[in-house]
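Student: In case you want the letters, here they are:
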Amino acid sequence: MFKAIIDNLKGLYSLLVGLFITGDFFLSPQKTTHYPRKVDDPETLKSYRGPLELVPADNYGNGKCISCQMCVRACPGHCLTVTKGDKGKEPKVYLYDFTLCCLCAACVESCPTGAIRFSHKVYMVAPTREALHLDLIADLKSRATKIDPMGTKAARLKVAKAEAEAAKAKADAEDAAKAKAGPAGSAGAPA
Amino acid sequence: MELSLLSFVQIIIACLLIIGLMVGNAVIMVYIERKAAGFIQRRPGPYEVGPRGTIQAICDAMKLLGKQLFIPGNVDWALYFLAPVLAFLPVLVLFLPIPFGKYLTTLQVDDGILLILAFAGLGVISNILAGWASNNKYGLLGAARAVAQSVAYEIPMIMALLAVVFLTGSLNLTAIVERQGTWPWEWNIAYQPLACFIYFVSLVGETNRAPFDLPEAESELTAGFHTEYSGMGFALFFLSEYANMLLVSFVCATFFLGGYRGPILDGFWWTFIKAYAVMCVIVWLRWTFPRVRFDQLLNINWKWLLPLSILNLWVTAIIIKFID
Chain A
1 MFKAIIDNLK GLYSLLVGLF ITGDFFLSPQ KTTHYPRKVD DPETLKSYRG PLELVPADNY
61 GNGKCISCQM CVRACPGHCL TVTKGDKGKE PKVYLYDFTL CCLCAACVES CPTGAIRFSH
121 KVYMVAPTRE ALHLDLIADL KSRATKIDPM GTKAARLKVA KAEAEAAKAK ADAEDAAKAK
181 AGPAGSAGAP A
Chain B
1 MELSLLSFVQ IIIACLLIIG LMVGNAVIMV YIERKAAGFI QRRPGPYEVG PRGTIQAICD
61 AMKLLGKQLF IPGNVDWALY FLAPVLAFLP VLVLFLPIPF GKYLTTLQVD DGILLILAFA
121 GLGVISNILA GWASNNKYGL LGAARAVAQS VAYEIPMIMA LLAVVFLTGS LNLTAIVERQ
181 GTWPWEWNIA YQPLACFIYF VSLVGETNRA PFDLPEAESE LTAGFHTEYS GMGFALFFLS
241 EYANMLLVSF VCATFFLGGY RGPILDGFWW TFIKAYAVMC VIVWLRWTFP RVRFDQLLNI
301 NWKWLLPLSI LNLWVTAIII KFID
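These protein sequence lines are chains A and B, in that order.
The first sequence: position 129 = 129 (this note's numbering), numbered continuously.
The second sequence: position 241 = 241 (this note's numbering), numbered continuously.
None of these hints come from the bench; they were simulated from the model.
This structure is a prediction, so every number in the text was calculated from the model and none was measured.
A hint or two may mislead.
[As the list claims (entries may be wrong)] Going by beta-carbon spacing under 8 Å, a handful of chain A positions derived as facing chain B:
1. N8
2. L9
3. G18
4. L19
5. T22
6. F25
7. S28
8. K31
9. H34
Here a beta-carbon is modelled for each residue, glycine too, at the ideal position from N, C-alpha and C.
Only chain A is shown next, with the shape it has when bound in the complex:
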């Protein structure tokens, strides 16, 4: 009898504690982000697992993928389709069905070259189911900061070689100019 009364009084006290907790919450600042007007700090999204993306190897939109099919085999949801290209190791097709993906990271862990990772795309809208069937190569190309007209590794090497040659020629020209200006400068100095 007395125990029941004491228990009930304790219960009443706990109700009061609950009221104070919600009252405290009522007065504290909000935790949510009001999306269209504010967005989260990108730093807080670093741990967010969005849809997969290919890791860029350079600024021309080339990836690290060697078409080894490890990710395709590791995927429990069969959401990846990778087809090797005609020449070289680079994939011709890298399709990713986000509707089947469970974001388990088995593909990311199985990749020998570290060619795929999770993106941090939080603000994503798909009007149809098909809009979630993503072409990762196209996505990678769209993120390229420099345009590669040829689009192949050989062409890229050629461009790099040409650039290196141009730089070298420029440096030579500068050296030549310095050598030419040097005597003139020393001649002019005493004047």
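Using the hints provided, position chain B relative to the given structure of chain A.
Tutor: Structure of chain B alone, referenced to chain A:
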């Protein structure tokens, strides 16, 4: 009380004002409730419609007005349409004896609280009718719960009010307010704290508000007795629920919180401030406590509130007897 033409006109005008108050109250309370829910859960609540979401409730009301009245098959037509009307109409009568100000009472009735308690019982009938007529198992379960709950919680409620009536020696609400002083320690809450507590718990049970919202428990009964109602049928139930909430808050303010009397400048604003403070506490309770189980609900009533209220009444009677 003589019923002349003047008093008749007076009552008509007052009834119109009360309907306005009921509708306005529902709109304001929906906004307050949703905002409070938001803040307690640390989110902004309604935000998009109007400045800070202020006209969200009005837009919802418009949507309800425009909705199709969907009538499920095999309903009892007469009862199905009678129930929402029956839920709404008695609320008008309930507001008649409330003294908003010293002279601002629709109808000076000597047995004011008796009138309120008698007509408050009609609300339960509308719940039963709605649950029964809509030919739905959830509706019927909700109706059965509503009956058990309302019958149970009316008893300690009456006992708690009776203790105040003993103090005053009158059932007239204006007399009860007049007996209380202007300062909080002169109000009945200082003389009858236990009765005030019991009344407050039972009013939450009586108006079917969380944590005692068993008749319309969403997670168990979809919406309880008004599951099958859409459009204006639902709107009338909704309106009467908020009007009942307002009414019990006004009764609480009148009986325990000094009614229209306040530290400075007596007037109807004190009644409203106090009633809305009680309403805000009810909203606060709703977003704090989880719903009780039905046996717990009845245990609270029959094992705690009823014995305590009888004890309170008994002690009050003895003290009054010895002091006199």
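Student: Against the structure, test the hints numbered earlier, and report the numbers of the ones violated in rising order.
Tutor: 2
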